[in-house]
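Protein chains in written order, with my numbering: chain A, 157 to 360; chain B, 157 to 360.
No lab work stands behind these hints, which were simulated from the structure alone. Among the hints, a few may not be true.
Because identical chains share one entry, a pair is satisfied inside a single copy or across any pair of copies.
List of simulated lysine-lysine pairs, PhoX-like, C-alpha gap at most 20 Å [as the list claims (entries may be wrong)]:
| no. | residue 1 | residue 2 |
| --- | --- | --- |
| 1 | Lys346 | Lys269 |
| 2 | Lys286 | Lys186 |
| 3 | Lys254 | Lys243 |
| 4 | Lys254 | Lys244 |
| 5 | Lys286 | Lys358 |
| 6 | Lys244 | Lys225 |
| 7 | Lys286 | Lys356 |
| 8 | Lys254 | Lys269 |
| 9 | Lys218 | Lys243 |
| 10 | Lys218 | Lys244 |
| 11 | Lys346 | Lys356 |
Number of protein chains: 2
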Amino acid sequence: MKKNKEKGILIVISGFSGAGKGTVIRELIKDTRYAFSISATTRQPRVGEEEGVHYFFLTREKFTEMIGKNEFLEWAEFCNNYYGTPKKYVENQLLQGKDVILEIEVQGALQVKEIFPECVLIFITPPTLKELQHRLESRGTEEISVVQQRLCRAREELTYMQDYDYIVINDILEDTIEIIENIVVAEHCKMSRKGYIIEKLKGE
Amino acid sequence: MKKNKEKGILIVISGFSGAGKGTVIRELIKDTRYAFSISATTRQPRVGEEEGVHYFFLTREKFTEMIGKNEFLEWAEFCNNYYGTPKKYVENQLLQGKDVILEIEVQGALQVKEIFPECVLIFITPPTLKELQHRLESRGTEEISVVQQRLCRAREELTYMQDYDYIVINDILEDTIEIIENIVVAEHCKMSRKGYIIEKLKGE
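So that you can see chain A by itself, here it is in the shape it has in the complex (with noise of 0.2 Å):
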């Protein structure tokens, strides 16, 4: 399928902890057409981690001033920590036809969506809370409070969902890459986006 010029879409997807967004994710950007929205954070860098690759990684001065300057999708503050969407960073890749993922979890991606309603909500679900729980269990890394715990906040998620574009359930891993690629596909025929070919065919 030819590669599209126009402006790429924002994709914010989000899904419950063991709902295996990640790699999802990790397998939709290695196609080049997708570019990856990385976060800025006040943390300290962790060994491995690089500048502009795992985050990009500012002072608590840098950040507040950028905070000031509405220079953020989203922000939030965990553990005295500072963590946010630059805008730049995802309207450029935007500009240069490049559809962006975004991770988020669900209160930044709705706040994502009241600044950028032209971006696309994805939740990624397993089948059942049932699947989930033994997903996470059989990971056999969390003890079983973190287990309960991620449930519990799974309940709360389910809250937000109904505000999303839509609900992809991840049974097979590349059934979920497939469908997410359609719902792309699909959004870049929206008329929504494609009225200029209104105007373009008008002018002939």
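Using the hints provided, position chain B relative to the given structure of chain A.
Here is chain B on its own, set in the frame of chain A:
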């Protein structure tokens, strides 16, 4: 990909005469996921036309009775004959989980959208009106005046295009078919159609 057991989607396809929608639809309906919506008409069957395959052939009395009972998704009168889309046939196919393809001109399509807002309107267009003219002329079967009439009609239809959900540029047939299939997959993942999953997860 798994066959869905959900209700199907009504996919309304329109496009300029000469845009190639007939070929696109013939290819699509080779897949048994789709059902083609069969129109009803009061005109006489032509040689080779079969009842329930090409049309449902009805008497004027039966047709007007069905209009009175609101049994059409849309209907119109051309050259002293009635043509319409029977609701019941479409609804039966949708309930069986088939995605129903309805090929119809723009005014009929917008009538359908009004009484069946969950349907999906797709407009198929060649890349340019010049290309449309070229396709119409190269058929060699139409007189120049007919080509001019069709181009004139295309210009009228442009004013209705903005009310469609999707616009698909039919440049390469295989791409067009793939794009429409992508749209159908995406539409099946719309939160407005998949809301029941949230209820299911909440119920766990």
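Intra- versus inter-copy proximity for Lys244 and Lys218 (alpha-carbon distance at most 20 Å):
Only inside one copy: Lys218 and Lys244 sit 15 Å apart there, 63 Å across copies, limit 20 Å.
At most 20 Å between C-alpha atoms: does Lys286 with Lys358 qualify within a copy, between copies, both, or neither?
Intra 54 Å, inter 12 Å, cutoff 20 Å: inter-copy only.
If the cutoff is 20 Å on CA atoms, where do Lys346 and Lys269 land: within, between, both or neither? Let me know, please.
Classified as both; 17 Å inside a copy, 16 Å across copies.
What label fits Lys254 with Lys269 when the C-alpha limit is 20 Å: within, between, both, or neither?
The answer is within: 18 Å in one copy meets 20 Å, while 33 Å across copies does not.
Is the C-alpha distance from Lys286 to Lys186 at most 20 Å within one copy, between copies, in both cases, or in neither?
For Lys286 and Lys186, neither the intra-copy (31 Å) nor the inter-copy (38 Å) Cα distance is at most 20 Å.
Evaluate Lys254 and Lys243 at a C-alpha cut-off of 20 Å and name the case that applies: within, between, both or neither.
Within. Shortest intra-copy distance 15 Å satisfies the 20 Å Cα cut-off; inter-copy 42 Å does not.
If the cutoff is 20 Å on CA atoms, where do Lys286 and Lys356 land: within, between, both or neither? Let me know, please.
Cα proximity of Lys286 and Lys356: across copies only (12 Å, versus 52 Å in one copy).
Taking 20 Å as the upper bound on the Cα-Cα distance, should Lys218 and Lys243 be classified as within, between, both, or neither?
within (15 Å within a copy, 61 Å between copies)
My question is about Lys254 and Lys244: at a cut-off of 20 Å on alpha-carbon distance, are they close within one copy, between copies, both, or neither?
within (14 Å within a copy, 44 Å between copies)
State whether the alpha carbon distance between Lys346 and Lys356 is at most 20 Å within one copy, between copies, both, or neither.
within (16 Å within a copy, 30 Å between copies)
Please work out whether the CA atoms of Lys244 and Lys225 approach to 20 Å or closer within one copy, between two copies, in both situations, or in neither?
Cα proximity of Lys244 and Lys225: one copy only (12 Å, versus 58 Å across).
Consistency note: the structure conflicts with earlier hint 2 alone.
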